[in-house]
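A.B. asks: Based on the provided sequences and hints, a complete structural model is requested.
Here are the chains, one letter per residue:
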Amino acid sequence: VTTDVSDLDELLMVLQVVKMKRGMPSALVERVIGLPMPGPADVYRTAIAKGYCASGPTSLVLTEQGHAYWAREREREREAVGGPWMSRHVESFQQHNYAVKALVSSYQQSRNSDADGLQLRRVVAGLSKTHVQTQRWLDTLTMKAPRFGHYERRLALSLANAADGDSTAVASVLTDSYHTVWFEMHEDLLMLAGIPRGE
Amino acid sequence: MLLCARCADRVARILLTGTGVGVQCAEGFVAVRAESSGTAPVFVVAMTSPEDIGALLESVAVVTDQGDLMCHAAVIARELDIACVVGTKDATAVLIVGQPVSVCSREGIVFEALKGAPS
Numbered sequence: 003v004t005t006d007v008s009d010l011d012e013l014l015m016v017l018q019v020v021k022m023k024r025g026m027p028s029a030l031v032e033r034v035i036g037l038p039m040p041g042p043a044d045v046y047r048t049a050i051a052k053g054y055c056a057s058g059p060t061s062l063v064l065t066e067q068g069h070a071y072w073a074r075e076r077e078r079e080r081e082a083v084g085g086p087w088m089s090r091h092v093e094s095f096q097q098h099n100y101a102v103k104a105l106v107s108s109y110q111q112s113r114n115s116d117a118d119g120l121q122l123r124r125v126v127a128g129l130s131k132t133h134v135q136t137q138r139w140l141d142t143l144t145m146k147a148p149r150f151g152h153y154e155r156r157l158a159l160s161l162a163n164a165a166d167g168d169s170t171a172v173a174s175v176l177t178d179s180y181h182t183v184w185f186e187m188h189e190d191l192l193m194l195a196g197i198p199r200g201e
Numbered sequence: 022m023l024l025c026a027r028c029a030d031r032v033a034r035i036l037l038t039g040t041g042v043g044v045q046c047a048e049g050f051v052a053v054r055a056e057s058s059g060t061a062p063v064f065v066v067a068m069t070s071p072e073d074i075g076a077l078l079e080s081v082a083v084v085t086d087q088g089d090l091m092c093h094a095a096v097i098a099r100e101l102d103i104a105c106v107v108g109t110k111d112a113t114a115v116l117i118v119g120q121p122v123s124v125c126s127r128e129g130i131v132f133e134a135l136k137g138a139p140s
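Chains Z and A are the protein sequences, given in the same order.
Letter by letter, the first sequence follows residues 3 to 201 of the numbering used here.
Letter by letter, the second sequence follows residues 22 to 140 of the numbering used here.
Read the hints as simulated data drawn from the structure, not as lab findings.
Just so you know, not all the hints are guaranteed correct.
Selected chain Z positions facing chain A (in silico; Cβ < 10 Å) [stated by the list, open to error]: (1) 24; (2) 166; (3) 173; (4) 182; (5) 184; (6) 186; (7) 189.
Residues from chain A that keep clear of chain Z, each with C-beta distances beyond 12 Å, as calculated [to be verified]: (8) 38; (9) 59; (10) 71.
Just so you know, these numbers come straight off a predicted model, no measurement behind them.
All C-beta atoms, glycine included, are put in the ideal place defined by N, C-alpha and C.
C.D. replies: Pasting the structure below:
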């Protein structure tokens, strides 16, 4: 789906990635941010220049100013999307969430005996099927909140890597794996809907 | 109960029960999100967030109030091969920061650590 991503959306996307990947290696955070975006702005450099992110001892961190900006812009985005619509969309997410977590968990428990790569091919086949349904769901959300298009690209990339035989692309926490991106999207979705985690 | 040898003599010291993920057992000190540094942190949280992954990389175990075998915390614990008990309902209320505990994934039990310190 093609949507207009404003500089504000891009900046918020960058801050969201930095926030979610707190404590993770800077190189990973920069690699994720560096994925092609529709907009032309070098938002990452802008975020640093504006004092919203800084290099911590081992990774990038949001500054106090960055947190304040992030919270303000999240609220603006939440109001723009609309609570009732968002609640319905979160509800329809649950079936996709269950399917993805079931596939990933099942793969994790079977992969020790996966010398021939059969289990990896199985999980890729399963995720590919749910991915098509998720894409439709995500396209609808991206029409309302263009920033979420970033998750679509990251999910597609991790799935392609897994299909190429990279087993870490399924659930590793040290790469931008399918589960890691899914987890970040889930968290972001709940925040956008104003739903506390666990409810 | 099918406790491992390490946990078998501690049944009198059960603090919490939940759903164990994997087969790892670990001992350490209770830590929460803001205070995850220190020796052998056992990360205790109501439910994990992606922001916790950095801290989990340094942890020997994770214990959560909510969740099941397919929750995000369980997926991450399997990836990191650390001890994990999810769905204890009230770990964040029962456990105290700095408290020495033993986490048995096999049976889904959190014990008070013997002798007050991790081995």
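A.B. asks: All hints, please: hold or fail.
C.D. replies: Checked hints:
no., hint, result
1, 24, "holds (5 Å)"
2, 166, "violated (20 Å)"
3, 173, "holds (5 Å)"
4, 182, "holds (7 Å)"
5, 184, "holds (9 Å)"
6, 186, "holds (5 Å)"
7, 189, "holds (5 Å)"
8, 38, "holds (19 Å)"
9, 59, "holds (15 Å)"
10, 71, "violated (4 Å)"
Checked against the numbered hints given earlier, this structure breaks hints 2 and 10; the rest are met.
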